[in-house]
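4 protein chains.
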Amino acid sequence: MNDPLIELRDRLRVFTQEREWDRYHTPKNLAMALIVEAAELAEHFQWLTPEESQSPQDGKRARIRDELADVLIYLVELADALDVDLAAAAHDKIAKNALKYPVEKARGNAKKYDEL
Amino acid sequence: MNDPLIELRDRLRVFTQEREWDRYHTPKNLAMALIVEAAELAEHFQWLTPEESQSPQDGKRARIRDELADVLIYLVELADALDVDLAAAAHDKIAKNALKYPVEKARGNAKKYDEL
Amino acid sequence: MNDPLIELRDRLRVFTQEREWDRYHTPKNLAMALIVEAAELAEHFQWLTPEESQSPQDGKRARIRDELADVLIYLVELADALDVDLAAAAHDKIAKNALKYPVEKARGNAKKYDEL
Amino acid sequence: MNDPLIELRDRLRVFTQEREWDRYHTPKNLAMALIVEAAELAEHFQWLTPEESQSPQDGKRARIRDELADVLIYLVELADALDVDLAAAAHDKIAKNALKYPVEKARGNAKKYDEL
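Chains as they are written, first to last, in our numbering: chain Z, 1 to 116; chain F, 1 to 116; chain V, 1 to 116; chain D, 1 to 116.
Quick caveat, the hints were computed from the structure, so don't treat them as lab data. Any given hint could be a false lead.
No distinction is drawn between identical chains; accordingly, a pair holds when it is met within one copy or between any pair of copies.
Below, a list of computed lysine-lysine pairs in the DSSO-like style, where the Cα atoms sit at most 27 Å apart [to be verified]:
#1 Lys105 / Lys60
#2 Lys93 / Lys105
#3 Lys93 / Lys60
#4 Lys60 / Lys100
Note that this is a predicted model, so its numbers are computed, not measured.
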């Protein structure tokens, strides 16, 4: 089985090179594109209650899935531009968070999140 | 070899459940947290030229890596909450983009991006 | 009485020129800084219920006020860089929205918002 | 002459009440809407160089003006929901920034910005 993050990275490299879009794909531009896609994703939930957001209407599900995809695409491209191994970075960060939010102190307490 | 997106999802499920944070992890809240992390990432590049953004100072690299990790973490949690297969969604979106931006028309042309 | 948006614009021009920060204040950079400040503002509300968000804790009020200020500061600077009269633009947009969301159709209906 | 921020606030109160949209206008939701509009604004600049961003194409100017308006509208609504005087908050923040970034130290130095 192949690593899907590596597969995506390699497919996106080809996609970008074929279109000669490398010149636009600086970390600054990709970070801006990433946040724009994250906002398009958030837009689907902005007027919903937290409860309503748990079951988006059928008509919205396909669009939400596409926005999730866009965020992952720019994230993989940005990590590639900066030569960062995304999965390793995420595991290291979870380990840090585990130390910062020990189970016994953090349980059920959103306030801990304030310091995240 | 295991799929790192599935491994992350499973590790994050345990992390969240142990802390009883599920109640906070509605799609609305996770989408908001995702955009906040994307902005913290973008902040590192905001006053740099696109060229400067390609080689962040050493002192910043570790922080940028952590922000990339945070974006991936919330993205995996949000996709999990909505029951979306992130890697499949990204591949489907790349296939759509390939139809929308055929190589011969899109080559070197950032304007095509306007319609993304 | 003076127009506070003009007063702010003029005060910010002096502030920026004294520090020779004009070179960093391109519309692209200011738009990025604006979104980063908007995210810092949103961060205060991300784990709260919509109801809880209506009365932030005392300790947070001063920080939220500062973040609101930061958003206004970058918005005034960006409008100035693009030579846009913010108040006139807002009034024109409200007039457009009034046509798009007639009272009788929009009343109590968040779905109308989807098309905003 | 009237204060445009107060005029806008009052006009938006009427607009919202007529449509019975108050229930959607919690600080949490307005903060989310604000960031979404800030991202729509940033989207116009994401693939441009900082220099290109200084003179947007004519076709884009009207849309950028509308996005600036949307950001101001949600900012005024959010400040109203939290009972914050926006202009006073901005002046207080500029005074704080003047102390934090004294002219002689900050001149021409974007690095100071890192701590903003």
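Tested hints:
Only between protomers do Lys105 and Lys60 lie at most 27 Å apart by alpha-carbon distance; the minimum there is 22 Å, versus 38 Å within a single protomer. Within a single copy, Lys93 and Lys105 get their C-alpha atoms as close as 19 Å, which meets the 27 Å cut-off; across copies the closest is 35 Å, which misses it. Taking CA atoms no more than 27 Å apart as the test, Lys93 paired with Lys60 passes between copies only; the shortest distance there is 16 Å, against 32 Å inside one copy. For the homomeric pair Lys60 and Lys100, the shortest alpha-carbon distance between copies (21 Å) is at most 27 Å, but the shortest distance inside one copy (36 Å) is not.
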